[in-house]
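**Student:** Sequence:
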Amino acid sequence: MSTITSVRVRFAPSPTGIMHLGNVRAALINYLFAKKNQGTFVLRIEDTDQERNVSAYTQQILDDLEWLGLSYTEGPVLSGPYAPYFQSERDLIYKDFLKILEAKGSVYRCFCTLEDIEKKRQRQIVLKQPPRYDKTCLKLSAAVIATKVALAEPHIWRFNLPDTSIAVHDLARGVIDFDLKNFSDFALTRTNGTFTFMFANFVDDLTMKISHVIRGEDHLTNTAGQAAMYAALDADTPVFWHLPIIVNSEGKKLSKRDFGFSLVDLKEAGFLPEAIDNYLAVIGGSFSSEIGSLSELVATMNFDTMHASGQITYDVEKLRWINHHWIIKISTESLVERVMPFLKAAYPSIDTIALEKITQLITSIKPELRILADSVEKLAFYFNTPVINHEQLEALELVEYRILIHNCIKKSDISLELSDYIKKLQTATQEVGVPVKKFYMLLRLALTGKPDGLSIKDLYAVLGSEEFFARLSEL
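In this text, residue positions in the sequence shown follow the numbering used here: the first is 123, and each later residue adds one.
By construction, these hints were calculated from the structure, which means they are not laboratory data.
A couple of the hints might just be wrong.
Below, computed lysine-lysine pairings styled on DSS-like, alpha-carbon distance capped at 30 Å [to be verified]:
id	residue 1	residue 2
1	K532	K545
2	K158	K221
3	K546	K532
4	K158	K389
5	K488	K559
6	K303	K257
7	K546	K560
8	K158	K217
9	K217	K261
10	K579	K532
11	K158	K440
12	K226	K250
13	K221	K250
14	K250	K303
15	K488	K466
16	K546	K533
Here are the computed distance ranges between Cβ atoms for each label pair [what the hints assert, rightly or not]:
id	residue 1	residue 2	range
17	E275	E412	57 to 63 Å
18	D213	E490	41 to 47 Å
19	K158	V297	40 to 46 Å
20	A517	S431	43 to 49 Å
21	L249	T127	49 to 55 Å
Positions of the beta carbon are idealized from the N, C-alpha and C atoms, including for glycine.
With the sequences and hints as input, model every part of the structure.
**Tutor:** Pasting the structure below:
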C-alpha cells in the first residue's frame, strides 16, 4: 500500500429507502474526516439494484444531506472529474474491469442455478462443513463453457479467491488479516448481466481514487473480497474504517420500530440538524465538550485514536439533551423560523398574529423546549382559553382553595402594577388560609390550564393585561 498523498472519501447510499441513522452517521464521519484532512468528500449513488430503486429516494438523499449541512465536493448535480456518480450510468466501466480480470484469470463463469447452490449448501450443513460455493464451475473445460455460452445458458461471473490470506489497514483495528479460505467465490454479476454491489463498489472506489473507505461494521466481511480484487489488479488498497453498528437499548440493530431510526422521524419531531450531527459525531466517543458545530467537531475530533467497537447504543434522551442545548444556542430569529411550521399545523389562526407577538411567545418558552414539537403543547394556553374542571382541582388538592382565591380576585384592584397586584392578592389569600404554593398553582391553572410553567410575569407579558385579568376572573 503506497503512501496516501490526498484524502478522498465517499458516501455511497442506495436509493432503496429513507435515510436512517446509520446512513447519516456514515455520511457525517466521511464529511468530518474529509474536512479534517483538507480532502474531498464524494457522494455516489449506488443504484445498481433497479428492482428496488425509487427515484424519489435519490432526491431525498440530496435534500437530507443539504438539510444536515453535509455538503459534498463531487457527486450528482455538482459532477466532478470521475463522473458519472450514479452506478446505473457506469455500466461500461464495470464491463471493462470484468474483461481485465478475465484476462488475468481472476474470474470465471458460473452456470449453477440457485437450486443447485441451495442443495450444495444444505449438504454442507449436514456434513458440518462451512456453507460456501465449491468452485464447481471453475473446473469446467473451455469446450463445455463454450457450448453453454452458445446455448445462452444463464450464468453469472464469480471472482476466484486465491487460497491465501490478505491484510487490510483499519483505522480502528489496525491491521486485519483475512484468511481467504474462509470466504466463498463471490458473484460479480447477476444472471441479467447487471453488476453486484461487491464489484461495482470496488470498481468505483478504485477509479474514483478513494483513499479511505469509511462504512458500517456490517461491511467488514465484504472488505476481504474487495481487498482481493485490489490485489488481483496490483492496485493500492485503501485504508478502511468500519464504524460501529447503532443498536437500540436492547442491543438489537435499530429498525423501523425504533423511534429515530429514520431521519424523517427526527425531522417531524423537531430535532435540529445541528443536534443530529452533533449527537452522531460524539456518540460512543469522548470529547472535552459535547456541544459543537460541524466546524468545531472537525477541530476537536482526533482520528488518530479511534477505538474498535462492534456497536454503540442509541440514546434518544441524550439526543434530546443535545437538541435542547442547540435550541438555546441558535438565534431567536432562527428558532422562530423553525418552530413556525409546527405552530401553523396546530393553530392555523397564527397567521393573523403579528410576528413580534409570535417571537415574544416563542422566546418565552425557549428554555423549556427539548424538541420543536414541544412548542405546540407549551403554547396551547395562548390559542385555547383554559377550562378548569373539578377532577383537575381534586387531583391537585385545590378544591377547597378555589372559592377562597376566587373571592379575593373579585375584590382585587387590577389597576395596580403587576408586582403590587400579585403581592396584595397573595397576602389576601394567605389571610384566608391559601398556602403560597397552592396560590401560584391556582393562578397558573386559570391562566394556562396547568399548575406549572411560565412565571406569572411572563404570562402577563404574553397574554396582555386584558386577557390576563379576564382569565383570572374565571377562576
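**Student:** Now, for every hint given, state plainly whether the structure supports it.
**Tutor:** Evaluated hints:
| no. | hint | verdict |
| --- | --- | --- |
| 1 | K532 - K545 | holds, 15 Å |
| 2 | K158 - K221 | violated, 38 Å |
| 3 | K546 - K532 | holds, 13 Å |
| 4 | K158 - K389 | holds, 27 Å |
| 5 | K488 - K559 | holds, 24 Å |
| 6 | K303 - K257 | holds, 12 Å |
| 7 | K546 - K560 | holds, 16 Å |
| 8 | K158 - K217 | violated, 36 Å |
| 9 | K217 - K261 | holds, 23 Å |
| 10 | K579 - K532 | holds, 20 Å |
| 11 | K158 - K440 | holds, 25 Å |
| 12 | K226 - K250 | violated, 34 Å |
| 13 | K221 - K250 | violated, 37 Å |
| 14 | K250 - K303 | holds, 16 Å |
| 15 | K488 - K466 | holds, 17 Å |
| 16 | K546 - K533 | holds, 11 Å |
| 17 | E275 - E412: 57 to 63 Å | holds, 60 Å |
| 18 | D213 - E490: 41 to 47 Å | violated, 55 Å |
| 19 | K158 - V297: 40 to 46 Å | violated, 23 Å |
| 20 | A517 - S431: 43 to 49 Å | holds, 47 Å |
| 21 | L249 - T127: 49 to 55 Å | holds, 50 Å |
The structure fails to meet hints 2, 8, 12, 13, 18, 19 from the earlier list, while all remaining hints are met.
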